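Residue numbers (the numbering used here), protein chains in the order written: chain Y, 2 to 82; chain R, 2 to 146; chain G, 252 to 353.
In short, the hints are calculated from the structure, not lab data. Here the structure is a predicted model, which means the values were calculated and not measured. It is possible that part of the hints are untrue.
[As the list claims (entries may be wrong)] Straight-line C-alpha distance at most 27 Å; calculated DSSO-like pairs for lysine-lysine: (1) G:Lys-286 - G:Lys-306; (2) Y:Lys-75 - R:Lys-69; (3) Y:Lys-75 - R:Lys-68; (4) Y:Lys-25 - G:Lys-253; (5) Y:Lys-75 - R:Lys-61.
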Amino acid sequence: MHWELELVLYLFLIISAVVSLYVKDLLTAVVSLSVFSFILAMLFVSMGAIDVGFTEAVIGAGVTGVLYIVLIYKTSRRSND
Amino acid sequence: MKQSSDSPIILLLSRVISPYIMLFGLYVIFHGHYSPGGGFQGGAMLAASILLIRISAEEKVYELQFKKSFDIPLGALGVLIFLGVGLIAMLLGGNFLDYHFLPMDWMPKADVRAMGILLIEVGVGLAVMTILVAIYDNLLEDEDA
Amino acid sequence: MKIINYSSLVLVGLLLIYASLGLPYRGDTEALVNKEISLIGTPVASSYYIQNAYKDTNTPNIVTSILGDYRSFDTLGEEVVIFTAGIICFLLLSRERKSETK
Chain Y
2 MHWELELVLY
12 LFLIISAVVS
22 LYVKDLLTAV
32 VSLSVFSFIL
42 AMLFVSMGAI
52 DVGFTEAVIG
62 AGVTGVLYIV
72 LIYKTSRRSN
82 D
Chain R
2 MKQSSDSPII
12 LLLSRVISPY
22 IMLFGLYVIF
32 HGHYSPGGGF
42 QGGAMLAASI
52 LLIRISAEEK
62 VYELQFKKSF
72 DIPLGALGVL
82 IFLGVGLIAM
92 LLGGNFLDYH
102 FLPMDWMPKA
112 DVRAMGILLI
122 EVGVGLAVMT
132 ILVAIYDNLL
142 EDEDA
Chain G
252 MKIINYSSLV
262 LVGLLLIYAS
272 LGLPYRGDTE
282 ALVNKEISLI
292 GTPVASSYYI
302 QNAYKDTNTP
312 NIVTSILGDY
322 RSFDTLGEEV
332 VIFTAGIICF
342 LLLSRERKSE
352 TK
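Isolated chain Y, as found in the complex (with noise of 0.2 Å):
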């Protein structure tokens, strides 16, 4: 249908993913597997799977970059001292 919204849609996922692979920072990598979720959010909708992509945008974007962002910084501090 949007053709075109969809290939940018598919660029993007496939950026976000690579850089939440190959990055440094923990944080930017958790980061960027949110929007890795929410884009896949995004596609899901534009396929017509409305539930699906709820589920995926309140899991993958929200819930579970809260437990990684909270556990990173839980174990950085455990390391420093």
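Put chains R and G on the given structure of chain Y with help from the hints.
Only chains R and G this time, still in chain Y's reference frame:
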């Protein structure tokens, strides 16, 4: 977490935002029949609103909102709501989770099935919310406290 | 070794793209999944759901009516899986049990 952030701006902002996220989560659960959404998404949204307060405030404050000792029993209650609806339908003569047989005779049968779906969604939402909060709480417990 | 890795990666990618060309389009009424009678003559479940979901359950959102009513046993299993994950986190990481065993 024992050490919360010292900035009062973060606490104020999360205290402002969190009730709206919670309200939208309740809307997603109870309006799941007519719009995209359901128990899982709404429960995750409620969990996000609780986790926001848990990140920004200290333990004394967030224990007032949602007690740490409540999360596993409320999750078990959510699963038991689901199982109980199925078992009530089975005891009244139907199959397991067959909402035709729920004891709500004043409504037509299709509406009884819609109410059964609503009960299920409430159970799923309660379980998902409390389990996500429980995972956060148990992961972040300080060993030296 | 690196050449083999990348070439196999490209090969698998090309294979996936070639396989995706054979899939039916979204909402294709002529696709085998959306037919009312399957190849061996049995009725297809999805067409029954699409035709009768609103009449049976009085919910306009067909995803909710399938997840909550027709396939509710599957949803029960999903919820039990989430609950098991929480219970395992509680049992492995809880502070009270650690202080008891010390």
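Could you work out which of the previously given hints the structure breaks and list their numbers from low to high? none
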